[in-house]
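Chains as they are written, first to last, in the UniProt record's numbering: chain L, 1 to 140; chain Y, 1 to 329.
Take these hints with a grain of salt, some might be off.
To be verified - Estimated spans, in silico, between C-beta atoms of each pair:
1) Y:140 / L:73: 45 to 55 Å
2) L:70 / Y:235: 50 to 60 Å
3) Y:259 / L:133: 49 to 59 Å
4) Y:163 / L:118: 38 to 48 Å
As the list claims (entries may be wrong) - Once the Cα atoms are required to be at most 30 Å apart in a straight line, the calculated DSBU-like pairs of lysine-lysine come out as:
5) L:124 / Y:59
6) L:24 / Y:59
7) Y:59 / L:86
8) Y:263 / L:24
To be clear, the hints were calculated from the coordinates, so they are not data collected in a lab. Where a beta carbon is used, it is the ideal one built from N, C-alpha and C, also for glycine.
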Amino acid sequence: MLLSGANTERFNMATPVSVLRLPKGPDPNSRGFDPKSPRFIALCRTSIATSASSETNAEQLPIEQHARSVLRETFLRCLLSMTNKKVQFLMHERVKVEATFGASDIDVLNFQVSDLHTPIGVQKEALIRCQDVISFTFDS
Amino acid sequence: MAMRQTPLTCSGHTRPVVDLAFSGITPYGYFLISACKDGKPMMRHGDTGDWIGTFLGHKGAVWGATLNTDATKAATAAADFTAKVWDAVSGDEVLTLAHKHIVKTVNFTKDSTCLLTGGNDKLLRLYDLINPEAAPQEIAGHTSAIKKALWCNNDKQILSAADDKTIRLWDRSSMEEVKQLKFDTAVSSMEYLADGEILVITYGKTIGFYNALSLDLIKTVDAPAPINSASLHPDKDFFVAGGEDFKLYKFDYGTKEELESYKGHFGPVHCVRFSPDGELYASGSEDGTLRLWQTAVGKTYGLWKCVLPEELGLENSEQLYTTPPEIKA
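Next comes chain L alone, as it looks inside the complex:
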């Protein structure tokens, strides 16, 4: 028992195994899943809407891709035109708030807003978590 692995550390002059570098940690600015990685490029040709989708029809693919591009562009233009406008957000738990829209972050995880009107007062500056938003409306 005296010569078990744990105790030999005291007497062991063995060299620690060399390491090329430490494992890379998370990027603080993004959630990862680099679209430039070989795996992403090879496997993400189609957008996978649900886990149920299997091999996408080859003719459907360009049509789907075009539709997605159009939708994405519309969404981004919508965000642009919302800047500095009053927007009403419908959120989970029957929450309806109004605020002046500032900007979105790159992954559309948070919206930066000003003058957020809440039932307990007006918040001068706030972040709205996009996961919690069901819909939003504004006058363009």
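Mind docking chain Y on chain L? Use the hints.
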């Protein structure tokens, strides 16, 4: 020349790591997913520990996480009463499956068409991923929270471990209980090896090995401290275990002899798993880190580099450096 183990610390989580799982070996290597009480499960390259991405969406502690064999899908079980299925290439959330209580465990079938879940509502649920809107099949029987549920016997059967101190074997088609193992104390973890149909169970200070089809006992081995998780090497020559004394233990499976123990974590070890190629094992701890450990210490693999005595004094463009066993997160 004797070599000392240098574990690789994977930082990033801010709360205890409670579960981890490896994918199978894919054309792009193999991958690792970790479940954390911070609600943000992470995916990493399995051989280096390099972070790939974080699955964002859960609103509570994530208790269980798994990858399918080809690492294209991930599933997570959380305290927000949902299990989620994710696209493991893009990181996008694909499905949210609402439950009536905390979900603790998730497991894909080999063809990824069915997801098994279990949790504090004491029910096992089978979700058809081809028709996700359909209501899941439910298997009742356990009298307390389910801690772990796994497919076995070529996805024809299900093994579940619960706080009611039982492990139960169920038939998928009949949905009935086939066999039951009773313990005096709660089972802390369960691992299933399809190759050889072996079940690895930990309870108290004991690691038990069972035949997964018959639930017959093969052997038990006692460790020096309470064990939270154990994993058997794919070649079934070693197994590793970790628990409340923060250490990782390596045992010879054949002789049951304790071969090595390693310090490194700053908190209890909650989960430990061998990689699919058996070259390393990963441990997750209360200290919020994952650590990767070599099976054959000193071998060149992943980020570890075997340095021959002649090379030690030389200037090397690869920038080798030795790091002490305890690397700060």
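A quick look at each hint next to the structure:
| no. | hint | in the structure |
| --- | --- | --- |
| 1 | Y:140 / L:73: 45 to 55 Å | holds, 50 Å |
| 2 | L:70 / Y:235: 50 to 60 Å | holds, 53 Å |
| 3 | Y:259 / L:133: 49 to 59 Å | holds, 54 Å |
| 4 | Y:163 / L:118: 38 to 48 Å | holds, 41 Å |
| 5 | L:124 / Y:59 | holds, 25 Å |
| 6 | L:24 / Y:59 | holds, 26 Å |
| 7 | Y:59 / L:86 | holds, 28 Å |
| 8 | Y:263 / L:24 | holds, 22 Å |
Violated hints are absent here; each numbered hint is respected by the structure.
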